[in-house]
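J.: Chain residues, written in single-letter form:
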Amino acid sequence: MTATQLNWEFDGTSRIPFEVYTSEELHRVELDRFFYRRHWCYVGLEAEIPNPGDFVRTVVGERSVIVIRDQAGDVNVVENVCAHRGMQFCRARHGTTTGFVCPYHQWRYNLQGDLRGVPFRAGVKERDETHGGMPEDFANADHGLTRLKVARRGGVVFASFDHDVEPLEEFLGPTILGYFDRLFNGRELTLLGYNRQRIPGNWKLMMENIKDPYHPGLLHTWFVTFGLWRADNKSQLRMDDHFRHAAMISTRGNAGKTGEATSQVSSFKEDMKLHDPSQIDVVPEAWWGGPSVVMLTIFPSIIFQQQVNSVSTRQIQPNGHGSFDFVWTHFGFADDTEEMTARRLRQANLFGPAGYVSADDGEVIEFSQQAFETKASQAIAEMGGREVGDTEHMVTETLIRGMYHYWRTVMEAAE
Amino acid sequence: MTATQLNWEFDGTSRIPFEVYTSEELHRVELDRFFYRRHWCYVGLEAEIPNPGDFVRTVVGERSVIVIRDQAGDVNVVENVCAHRGMQFCRARHGTTTGFVCPYHQWRYNLQGDLRGVPFRAGVKERDETHGGMPEDFANADHGLTRLKVARRGGVVFASFDHDVEPLEEFLGPTILGYFDRLFNGRELTLLGYNRQRIPGNWKLMMENIKDPYHPGLLHTWFVTFGLWRADNKSQLRMDDHFRHAAMISTRGNAGKTGEATSQVSSFKEDMKLHDPSQIDVVPEAWWGGPSVVMLTIFPSIIFQQQVNSVSTRQIQPNGHGSFDFVWTHFGFADDTEEMTARRLRQANLFGPAGYVSADDGEVIEFSQQAFETKASQAIAEMGGREVGDTEHMVTETLIRGMYHYWRTVMEAAE
Amino acid sequence: MTATQLNWEFDGTSRIPFEVYTSEELHRVELDRFFYRRHWCYVGLEAEIPNPGDFVRTVVGERSVIVIRDQAGDVNVVENVCAHRGMQFCRARHGTTTGFVCPYHQWRYNLQGDLRGVPFRAGVKERDETHGGMPEDFANADHGLTRLKVARRGGVVFASFDHDVEPLEEFLGPTILGYFDRLFNGRELTLLGYNRQRIPGNWKLMMENIKDPYHPGLLHTWFVTFGLWRADNKSQLRMDDHFRHAAMISTRGNAGKTGEATSQVSSFKEDMKLHDPSQIDVVPEAWWGGPSVVMLTIFPSIIFQQQVNSVSTRQIQPNGHGSFDFVWTHFGFADDTEEMTARRLRQANLFGPAGYVSADDGEVIEFSQQAFETKASQAIAEMGGREVGDTEHMVTETLIRGMYHYWRTVMEAAE
Amino acid sequence: MTISFEDWFSITQFYARYASIVDAGDWDLWPELFTDDCVYRLQPRENHERGLPLATLAFTSRAMLLDRVYGIKETLFHDPYYQRHIISSPIVQRTTSDQWECEANYAIFRTKLSDTTTVFNVGRSFDTIVRGENGLRFSRRECIYDSEMIPNAIIYPV
Amino acid sequence: MTISFEDWFSITQFYARYASIVDAGDWDLWPELFTDDCVYRLQPRENHERGLPLATLAFTSRAMLLDRVYGIKETLFHDPYYQRHIISSPIVQRTTSDQWECEANYAIFRTKLSDTTTVFNVGRSFDTIVRGENGLRFSRRECIYDSEMIPNAIIYPV
Amino acid sequence: MTISFEDWFSITQFYARYASIVDAGDWDLWPELFTDDCVYRLQPRENHERGLPLATLAFTSRAMLLDRVYGIKETLFHDPYYQRHIISSPIVQRTTSDQWECEANYAIFRTKLSDTTTVFNVGRSFDTIVRGENGLRFSRRECIYDSEMIPNAIIYPV
Ligand code: FES
Ligand code: FES
Ligand code: FES
Ligand SMILES: [Fe+3]
Ligand SMILES: [Fe+3]
Ligand SMILES: [Fe+3]
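Read top to bottom, the protein sequences are chains A, B, C, D, E and F.
Counting in this note's numbering, the first sequence runs from 33 upward without gaps.
Counting in this note's numbering, the second sequence runs from 33 upward without gaps.
Counting in this note's numbering, the third sequence runs from 33 upward without gaps.
Counting in this note's numbering, the fourth sequence runs from 11 upward without gaps.
Counting in this note's numbering, the fifth sequence runs from 11 upward without gaps.
Counting in this note's numbering, the sixth sequence runs from 11 upward without gaps.
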């Protein structure tokens with residue numbers, strides 16, 4: 033199964049063949065073309081590694097990497113694979129260190145990933161003889177850890193195995209960059225904590241889910257009932273020139289009953305009142321500049337969430353074609369009041385693997401994958417037409433079509 | 033691996049290459065040719081959905097389907113895959129409803145599977161503008177759930193994805209139909225309950241097991257010792273013209289020791305007496321018309337069991353080439369006395385995943401598959417010769433040879 | 033992926049492509065060429081089956097076999113696959129019997145694996161008629177269990193599916209045979225017990241691990257700190273002519289701090305003292321003839337361990353390309369004193385899945401495989417150069433290079 | 011609900027002994043833990059909750075337990091396995107001086123020879139324990155299991 | 011640490027009843043086991059041990075539990091599943107006459123319809139139990155879970 | 011078998027504390043739960059039942075436990091993991107005033123960082139608990155495990 037063998041009805045991307053979700057072969061190509069080449073992947077927040085020597089272990093695609101703050105304060109990203117016999121030597125998920133030692137034979141690396149020590153490299157002397165040692169032409173410089181290119185912006189760290197990747201700003205494009213900078217505007221971030229979930233579905237389904245403004249007002253009762261997100265909210269959809277990244281921008285509007293956005297919407301609960309309304313005690317923040325929700329999908333690896341006062345990053349970590357880990361990092365800002373921190377934590381009840389408006393997203397992805405695995409058919413993404421383009425409303429699946437437009441461009445290319 | 037590449041010694045089907053059990057590629061073809069085309073698969077009993085709106089979720093092959101009694105009393109079978117973006121929307125295993133709503137975007141279907149509602153199909157009006165909506169040429173009629181052809185007979189429901197499938201009666205053929213009608217003779221059925229087991233072996237091994245009258249008198253002590261089923265019982269084996277379906281018919285005969293059927297049979301326990309004989313307190317029923325056991329295998333999906341007073345359906349639900357779920361539905365008849373119901377339930381101790389004469393069938397299938405996965409070899413099914421044909425005795429593996437005769441015909445065809 | 037498609041940098045075997053660990057296709061070929069043809073595999077100790085009728089169930093490669101002591105005292109090895117319909121009939125892991133009966137249809141085999149009984153082979157007589165039975169040309173002699181060739185030496189049992197395999201002594205070659213005979217010198221062995229672990233890595237990684245004298249003095253604190261095994265011990269490395277088998281021979285030398293073998297070695301703990309020194313209360317034994325450690329790797333299936341007073345066999349049982357079971361059989365000698373038995377058992381704390389110098393070997397293998405699965409790269413085994421040859425020291429990876437030299441010879445051959 | 015410590019201790023010991031016996035494979039001791047006219051049922055939660063009467067095993071006398079033991083030992087061909095019960099502290103729902111109605115969650119782990127351990131069967135037992143001259147016995151033990159998709163076969167007592 | 015048998019028995023029964031209710035799916039009864047101003051938290055061990063405040067669920071009143079029940083029953087679309095708790099005997103860390111601080115290991119098994127049972131969530135609860143007029147209640151229940159990689163979603167109460 | 015409530019309570023708390031310590035990774039506290047001349051053994055059921063003496067770990071003094079702690083902390087390279095014990099209510103087989111011979115089923119769940127939880131090791135412990143001046147201690151703890159096919163390595167105490 034290669035990408036050019038797929039059959040796209042209408043020749044656009046409004047009808048998506050199930051094979052894009054089920055082929056392990058295509059998945060291998062996706063890893064290569066989207067995660068390992070020509071793209072920036074999210075690897076963490078600087079707030080996770082505030083001090084020299086701090087590191088976190090994460091992945092780019094399916095490859096294990098370590099994100100390290102070095103003594104100079106720079107951030108380095110290296111692959112967690114020993115240059116000797118290939119071990120994933122770093123087992124801690126985070127920590128602080130002055131260098132790395134692979135335990136198997138104690139090859140030592142500095143915080144830049146340079147090979148700094150090979151035991152018995154010059155052999156072991158016994159009387160006048162020297163036993164063993166590495167070949168003469170063995171140069172430490174050739175055997176460092178694989179180092180990734182790094183980009184930092186606003187406290188967020190991206191990395192790429194591809195040192196020819198375009199600059200992050202060009203990768204994002206001006207429109208998306210604007211929304212990125214709105215959230216990460218240079219303020220110091222504070223780390224609130226993690227949630228992790230393994231979702232048994234193709235990783236692109238999560239991108240689709242967050243590029244799908246059609247579902248929140250239907251699937252998520254809390255959104256529609258409390259007016260946090262629904263069809264009649266003022267909103268925009270924006271993409272980069274390649275249609276790979278997107279921003280869904282929305283401003284909290286009506287709560288309660290108001291015509292089409294709630295009539296015939298079975299998830300709308302007219303009489304629903306929270307027993308404890310503090311869970312949606314939204315307080316607008318100056319930096320919002322209007323929108324109460326901006327969901328940014330940066331293809332292929334990361335979603336940046338601002339949902340009223342809850343802000344987080346959501347990283348996609350694929351495990352084969354049919355599963356991915358979804359890692360939520362909630363954060364705040366150094367200048368948050370205690371009340372605001374408490375509010376962000378309280379609103380976190382809406383998100384994550386148990387959240388009121390997120391737990392079911394994982395579920396629908398799982399049930400979609402289940403169907404895809406059983407038959408050759410196609411998904412239909414034709415709300416708002418069959419074309420791709422920015423809109424001033426949410427009644428459309430255009431961002432999904434956009435993503436597959438980009439997917440086809442890259443996956444069908446010769447290379 | 034294609035079916036024509038297999039090597040069948042003697043060119044018949046008395047020596048079965050292990051690859052028929054171990055190839056995932058062949059399994060995909062089997063699903064297509066046996067489960068999804070030109071065959072009827074069992075999907076349930078009408079007694080499971082007595083009232084309008086009642087439904088049960090089950091599978092045809094590996095595809096999820098819903099069996100629904102509609103308001104008119106008809107039975108519909110639809111595939112559990114949303115026409116929008118493909119979700120398996122129905123999560124309940126059974127229930128009662130007036131229609132189906134896919135929770136992701138609330139597309140609505142009626143009990144016939146017709147698409148009845150698409151939220152925001154005509155877009156959302158804001159002032160004078162209409163936002164979004166489905167394309168003009170989008171017709172609900174084109175986007176119903178996949179509907180299966182349905183056949184009902186004697187309270188049993190069959191379905192087929194193939195609307196050109198021959199009528200159920202022709203599919204069964206007159207001989208097998210006769211035995212089917214003996215059990216399901218129009219009486220109202222009552223549902224006694226379910227047993228479920230996951231057997232790590234190729235699904236055909238269960239068909240073989242129930243087409244194998246050679247083993248019951250050897251593997252199953254209770255059968256041979258209490259004369260319920262053994263080599264010297266009066267019996268017949270019958271097949272349809274294609275040799276795909278079969279009936280094993282037997283009449284309880286000798287218990288105790290009697291020559292060849294017990295001598296040299298290590299499972300025969302001459303001294304065995306039940307501490308509580310009520311477990312085999314068999315009471316003949318008028319409808320038996322003689323035989324105390326009729327085991328019907330209807331290829332590829334279902335086994336109908338009458339073993340003295342215990343009657344059940346046993347559905348095969350494949351999970352890849354090396355595993356299947358085996359679902360037992362025990363039933364009775366509306367005119368059963370309380371004593372008879374109690375007796376059927378008591379005799380159920382012999383069957384199912386813990387039953388005295390069934391638990392070990394699952395075990396032998398597992399251990400067979402284990403061997404098949406390790407080497408290229410062949411099974412030998414030559415008891416009673418190498419030919420295929422009906423017999424008046426049980427000392428034969430002819431039904432197995434018959435099934436593979438049919439398998440070869442279908443699997444080796446060009447198509 | 034075939035072996036000839038692999039790219040070996042420098043054209044030798046000092047740089048090992050990760051594909052040798054990750055290709056399921058290559059693994060199938062390895063099973064065939066290394067485990068099932070032209071090689072002897074370890075199947076157990078005679079001490080496990082001291083009496084006639086005793087048997088143990090084990091595997092050769094991934095195929096289940098039974099090792100049986102027959103009435104004449106000979107040792108037979110047969111495949112645990114019924115000649116009828118292929119069941120792995122033997123479920124006990126060990127036992128004593130007079131023959132084998134497959135429970136499915138009670139085909140009976142004697143301790144040599146000959147088919148001795150087929151129920152209803154001649155059919156069942158009813159009045160004057162004979163029903164069923166096997167075909168006239170069915171000969172029991174053609175349907176015994178698959179029998180393996182057996183070699184016994186010094187109390188150790190090897191088997192091969194390949195009856196044309198060279199004699200065991202030639203297979204081992206004179207050098208390795210010498211070390212084999214040193215350990216198994218004809219004394220009666222006593223069975224102390226088993227340890228079992230499932231290691232999620234390619235089976236060859238365990239061979240590498242025991243052909244790698246570079247790591248023990250670095251990874252294993254106990255070895256280096258107590259001088260049991262480290263870079264400055266007097267030692268030899270020896271191979272057979274094919275470089276497939278190897279002996280690592282070492283004599284306990286310095287404990288404590290002594291130059292290169294401990295300087296820069298982070299696992300060396302100068303101050304470490306055991307709270308209970310009895311765990312390394314080594315008592316030299318006469319048969320050692322000097323060396324305190326001899327680790328023998330007999331390709332592909334077995335490692336023979338003498339580590340001071342602890343002696344064991346370690347069998348490799350592959351499960352696909354990415355996992356193997358590692359079975360430890362600890363033994364002693366019939367003339368051991370009680371104190372010596374207690375000592376062997378006490379020193380066993382160093383070995384096995386929880387042992388001070390072994391638990392981490394399983395770990396490093398797991399973490400290596402994890403990396404291999406994520407990328408195409410190569411392991412570097414260049415300590416001591418890029419050539420293959422015996423040495424008088426341990427500062428080398430020559431045995432690993434040797435093993436892959438042999439691997440290439442066999443795997444790249446046309447056949 | 012009050013109960014004396016002696017009774018509570020006896021009940022905990024009785025459950026522990028039950029687990030001990032069925033996990034050690036002492037099949038002959040198993041029926042000794044039941045009264046002559048006991049009821050032992052093993053039923054999927056589905057049937058239980060829907061009021062469907064079918065059980066996977068339904069024994070209505072100690073005699074039937076004896077038959078089961080014979081089946082395990084002599085007639086049911088099966089792969090040998092270890093089972094291991096973890097039984098939670100029971101809730102005592104009703105009590106008279108010599109009878110307790112208890113419920114307890116359980117989890118059973120299965121280990122086949124040379125294979126890893128898996129979750130085999132979890133559920134809840136609804137038990138009536140009576141005191142006789144030889145100590146406590148079950149007069150009723152109904153195990154309603156969540157693990158409806160049985161991993162092939164259940165041979166040994168739950 | 012001393013405690014009367016009556017109190018100990020009450021505590022064991024309280025834990026058993028908690029398990030019984032959340033495993034039977036009697037959602038409406040669940041908030042009844044808590045005080046009005048209770049704290050209920052479900053937090054990955056990682057956040058707990060690193061001092062990171064984020065919880066997977068953080069409820070600070072019984073009212074929020076009632077909202078959760080509404081969510082489970084009405085607003086959270088999810089695959090139905092059985093859950094089964096095994097709660098170890100608690101350790102009683104501190105006690106006053108009407109209040110006990112307990113800790114207990116727990117394991118929860120999940121069974122989806124027609125699928126095999128899996129280990130869903132294991133961890134340890136840090137609980138404060140108080141005696142009120144209607145019996146025992148949690149004024150605090152913090153479940154710190156090892157199973158940080160959640161198998162898709164957690165819907166029902168741990 | 012009789013026992014006072016105080017003793018029974020102490021025993022349940024002792025087991026709970028054992029689990030608490032080994033699950034929290036408080037390795038230094040672990041040897042404190044044993045007497046100086048204790049026996050700690052971890053043995054596959056296979057060897058135990060066949061009378062084969064080999065154990066996976068065989069310690070015959072508290073000093074060896076201290077060495078194990080040093081091994082865990084300093085010398086044994088391994089993947090960090092969480093472990094979680096569920097220990098059933100023990101059966102008290104024999105008792106004198108200051109000594110109890112108990113047996114308990116246990117299940118240990120392992121969770122590696124960012125991975126799902128699995129059943130790691132299940133079995134039964136055969137324990138002798140003695141009362142000293144500093145409370146209860148094991149003078150013997152023999153863990154006989156069903157999970158003979160160890161998932162790679164066992165590093166932490168069972
Ligand atoms: S594999 Fe890392 S030092 Fe050898
Ligand atoms: S997937 Fe069913 S409505 Fe969208
Ligand atoms: S499969 Fe062994 S006797 Fe039939
Ligand atoms: Fe959503
Ligand atoms: Fe059978
Ligand atoms: Fe080692």
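Treat the hints as calculated values from the structure; they're not laboratory data.
The reader is advised that the hints may include incorrect statements.
Listed next, the in silico SDA-like pairs over lysine to any residue satisfying Cα-Cα at most 25 Å (straight line) [unchecked claim]:
| no. | chain 1 | residue 1 | chain 2 | residue 2 |
| --- | --- | --- | --- | --- |
| 1 | C | Lys181 | C | Glu161 |
| 2 | B | Lys407 | C | Gln402 |
| 3 | A | Lys266 | A | Arg230 |
| 4 | D | Lys83 | D | Ser124 |
| 5 | D | Lys83 | F | Asp33 |
| 6 | F | Lys122 | C | Gln402 |
| 7 | A | Lys289 | B | Val150 |
| 8 | C | Lys266 | C | Arg230 |
| 9 | C | Lys407 | A | Gly291 |
| 10 | F | Lys122 | E | Ser149 |
| 11 | D | Lys122 | B | Val150 |
| 12 | F | Lys83 | F | Leu123 |
Okay, the calculated bits of chain B under chain D, using three or more residues with CB under 8 Å as the criterion [claimed, not checked]:
| no. | region |
| --- | --- |
| 13 | 88-95 |
| 14 | 237-248 |
| 15 | 279-293 |
| 16 | 371-380 |
| 17 | 392-405 |
Every residue gets a Cβ at the ideal spot worked out from N, C-alpha and C, and that includes glycine.
J.: Flag every earlier hint the structure violates by its number, smallest first.
T.: 1, 2, 3, 5, 8, 9, 10, 11, 13, 14 and 15
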